[in-house]
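**Q** Letter by letter, the chains look like this.
Protein chains: 2
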Amino acid sequence: MECVAIGVCRSPYRQVGDAPRQGRLVDTESEIEVFPEYRAGLSDVERCSHLIVLYWQDRADRTALSATPPGEVRSRGVFSTRSPNRPNPIAFSVVDLLSIEDGVLRVRGLDALDGSPLLDIKPYSSAVDAIEGAGVDWMRQMSPHPVGRD
Amino acid sequence: MECVAIGVCRSPYRQVGDAPRQGRLVDTESEIEVFPEYRAGLSDVERCSHLIVLYWQDRADRTALSATPPGEVRSRGVFSTRSPNRPNPIAFSVVDLLSIEDGVLRVRGLDALDGSPLLDIKPYSSAVDAIEGAGVDWMRQMSPHPVGRD
Chain A
1 MECVAIGVCR SPYRQVGDAP RQGRLVDTES EIEVFPEYRA GLSDVERCSH LIVLYWQDRA
61 DRTALSATPP GEVRSRGVFS TRSPNRPNPI AFSVVDLLSI EDGVLRVRGL DALDGSPLLD
121 IKPYSSAVDA IEGAGVDWMR QMSPHPVGRD
Chain B
151 MECVAIGVCR SPYRQVGDAP RQGRLVDTES EIEVFPEYRA GLSDVERCSH LIVLYWQDRA
211 DRTALSATPP GEVRSRGVFS TRSPNRPNPI AFSVVDLLSI EDGVLRVRGL DALDGSPLLD
271 IKPYSSAVDA IEGAGVDWMR QMSPHPVGRD
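Protein chains in written order, with the working numbering: chain A, 1 to 150; chain B, 151 to 300.
Calculated from the structure, these hints are not laboratory results. A virtual CB, placed ideally from N, CA and C, is assigned to each residue, including glycine.
Quick list of simulated restraints, FRET-style, between CB atoms:
id : chain 1 : residue 1 : chain 2 : residue 2 : range
1  : A       : G71       : B       : V223      : 48 to 58 Å
2  : B       : T218      : A       : V104      : 24 to 34 Å
3  : A       : E132      : B       : P162      : 22 to 32 Å
4  : B       : G283      : A       : S99       : 16 to 26 Å
Isolated chain A (complex conformation) (with noise of 0.2 Å):
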């Protein structure tokens, strides 16, 4: 299963460690480009008001199968954790979207490192994705950085 880049993420994040614990936790905002081939594709995004964005994070570590969480002290399966690194580096992250402009959207809430290939977009609906209630122990109280981090 070959993914291909349809863009790239454009941040103020340089390198591992910069990026916020989950973008939506912060107001920077980043842009994605999306190259000419895929742009018919970018039709009607502007009327939607937050999107899903799936990126691949290449400077992930594939063999991790566990992870630390910020501010816990004990390691948890990869799959119970938001952490990057994991055997399919895809990241999932839900951006406002600010602006489209000759196949680049502005956006706030990505928490991609710069330079990340990106994968996909697709409309966030409230509908279908927006769930109360749900979380996991460290998850639940979340802050931008990780405890003591800063």
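With chain A fixed as given, assemble chain B onto it according to the hints.
**A** Below, chain B alone, put in the same frame as chain A:
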């Protein structure tokens, strides 16, 4: 960017057209089998109420850049739709976790066709993933099946 299958989705949806428009709108239960070599990553997943499941839509048309949403008359740019046909056919589903046993997750809300390769499992957290009032016209009024399809 090569993805590996970390497991497989088992569902009652055998072929294209069997699956509901969005899995969350029906009560069907499915199974997700994680392959033995990745099961260490499932530790602690039983503490999650809802999971994000990414799977590969292996019967998709990857050349499509437009799609006509169910009930609509004109086509839209594929990135403004949830069509399975897209350059990287990675599906995003949010499921209720019902049980885990021997590497097999029983879930509700998955819309995968039977046999779809599993790519990733992540914990869903309302704190970052639930956004109210977001959407796009053709997803606001959703019925489990497209208008006129039944």
